[in-house]
Amino acid sequence: MAKKVAPKRKSKAPRKSASKPQRPAGPKPVYDKVRLPETDQGATVFRTDPLIVKDHYEIDYIHSYAEDSPFFLGLAQGKLLGSECSACHYRFATPRAYCMRCGAATRWLDLPLEGRVHTWTTCYFGSEAFLKETPFNLALVEFDGVNTLLLARLIGATEKEIRVGMPVKARFRRLAQFKPTDVYFVPADKA
Amino acid sequence: MRPVYMISGGITKFTKAEPRKSFRVMVKEAFDYALRDCSKLTVERIDGTVVSYFSDHFTRQLKAGVMAVDMCGLVPKPTIRIEGGGATGGLCFQEAWRHVASGWMDCVVAMGFETMSHVNTWKGNEFIALASDTNFDYPVGGFYTGYYAMMVVRHMHEFGTTVEQLAKVSVKNHRNALHNKWAQHHYDITVEDVRRSPMVAYPLTILDICTMSDGAAVAILASEEVAQHVCDNPVRVLGVGMGSDAMRMADRPHDDVILLKHEDPKWYRGLKYPGVHSFRAGRTACKMAYEKAAIEDPREDLDFVELHDAYTSSEIQTYEDMGLCKYGDGGKFIDQGHPELTGRIPVNPSGGLIACGHPVGATGLMQAVFAFWQLQNNIAKHNDGDATIQVRQQKGKGRRPMRGAIHSHAGTGTYVTVSILESTLA
Ligand SMILES: [Zn+2]
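Line by line, the protein sequences give chains A and B.
According to this note's numbering, the first sequence is numbered sequentially starting from 1.
According to this note's numbering, the second sequence is numbered sequentially starting from 192.
These aren't lab readings, by the way, just hints derived from the structure by calculation.
Incorrect hints may appear among the rest.
What the hints assert, rightly or not - Taking lysine-lysine pairs in the BS3-like style, the calculated list, with each CA pair at most 30 Å apart, reads:
| id | chain 1 | residue 1 | chain 2 | residue 2 |
| --- | --- | --- | --- | --- |
| 1 | A | 179 | B | 314 |
| 2 | A | 169 | B | 463 |
| 3 | B | 523 | A | 160 |
| 4 | A | 132 | B | 314 |
| 5 | B | 314 | A | 160 |
Here the structure is a predicted model, which is why all the values come from computation and not from measurement.
The whole structure should be built from the sequences, with the hints applied where relevant.
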């Protein structure tokens with residue numbers, strides 16, 4: 001066996017006493033003082049070349065309806081509110097704080113609860129949030145004496161039955177969700 | 192404003208999902224393509240960049256613009272991000288134009304991208320629908336195909352447009368794309384195929400709608416001096432125009448048509464405009480671009496158009512906004528074959544969004560690149576030798592194709608840009 005040669009020491013520290021008992025050579029156990037704790041949290045891996053993993057993302061917003069609040073509060077009371085320009089008297093079926101034509105402030109306007117289908121569609125697919133509600137009908141509703149339209153759901157009629165110009169009536173959810181879908185429209189002859 | 196030229200362009204092949212490359216590498220590849228195609232241009236000559244991508248939701252990386260720029264080695268030069276829904280790429284092109292036209296910079300790179308494959312299709316539709324009023328529109332069933340379906344139902348009611356006419360747009364654009372190697376889809380389809388494919392929102396089927404894509408595109412714009420120095424065959428940006436409209440299509444007025452120079456008010460007696468059947472922003476953008484480019488009659492003065500056909504219906508609506516035909520005649524226009532490759536004014540010779548794909552921030556720049564190659568008369572060079580989609584001299588026009596328009600469009604017609612490009616070939 002080759003004789004172990006002690007490395008030359010450059011330090012001036014005194015040599016350890018030769019009388020200390022010899023320890024067998026080998027690794028010592030290590031107990032880290034700084035170490036990230038392991039968890040059982042893993043990754044959802046779709047494939048490895050390239051590496052594609054699932055990355056979850058979720059948010060709750062603190063959404064203020066701000067100047068549009070009376071519209072949503074009105075729906076809960078069975079009232080449909082639009083806007084009328086205080087200067088040029090243009091009437092908006094979808095409310096807005098200021099007139100798009102002249103810039104003046106608007107005031108709230110009670111919309112009629114009967115209108116007509118200006119245009120419509122039936123959605124068989126949709127955004128993920130609405131996919132489970134398909135098929136559903138969307139309609140832009142026109143009202144007598146009002147210059148612009150309102151987007152709403154139309155129920156009680158199928159793709160084959162809906163027509164441009166069809167009379168419709170507003171209905172309100174009994175238990176408000178404070179969403180624009182608190183009002184919806186049904187064919188006038190089925191109301 | 193001084194003259195501005197497009198001196199090079201590059202794109203990646205648009206694809207459903209490109210998981211092997213991040214957006215910054217896609218932009219870098221498009222940029223390198225453009226640099227290779229304009230070999231006398233050095234990075235030192237570039238003064239700055241304009242970067243476009245639509246959605247922070249899709250990218251899930253804020254300030255992604257500068258990451259594309261640093262990958263291209265273009266920091267610390269000035270850069271800015273541009274966003275405007277579907278028109279993001281068109282707005283980016285025009286912002287780069289402004290950088291040069293104003294005299295502020297001599298050479299600017301417009302770069303755009305989108306990576307839409309990072310969420311499933313229906314989540315992606317949700318992200319896109321967040322580009323509608325989140326108080327009044329989105330919660331009702333936010334879905335852009337639904338919005339466009341409502342527009343075309345009204346167009347059909349006003350003007351008698353048919354679903355077969357819509358389908359013909361899909362057939363045409365897919366047929367053109369069969370000869371475009373860069374296109375995402377290469378489908379040889381018929382009107383019956385379009386009508387028999389799954390209904391998404393009546394009357395639009397899945398083949399009436401563009402798809403989501405991953406991709407990038409780059410357009411390099413320069414002053415006359417730089418263009419003359421580095422490019423043998425620059426393309427002049429003859430005029431740009433843009434327009435806007437209310438976010439909510441329910442708010443659109445029912446007034447009189449905004450007339451183009453060649454139009455007669457008698458054509459439109461009794462027509463309520465724009466309503467939800469026409470795009471006031473598109474008409475406004477065209478009117479401005481045509482005036483700047485001294486276009487008297489787009490039917491005579493333009494030789495091709497690359498327009499934003501996110502839906503077959505919006506291509507028909509846009510024929511009318513652009514004055515390629517009268518309002519209401521969009522359906523007849525395709526019936527008569529005018530927008531076909533060999534027609535009176537080819538529309539979307541590339542295959543458009545419907546066949547090429549629509550990675551939103553890149554799309555408007557993709558149109559610029561295809562128009563640039565058209566006007567350099569070198570489609571074949573960039574297309575494995577296939578020149579089928581190179582627009583030829585049209586009957587009754589005593590010149591070879593000289594001028595093209597690119598049209599980029601957002602939302603339900605919220606932002607629209609139109610840019611007119613002109614060949615400098617002798
Ligand atoms: Zn007013």
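If any of the earlier hints don't hold here, list their numbers in rising order.
-> Per hint list: zero violations.
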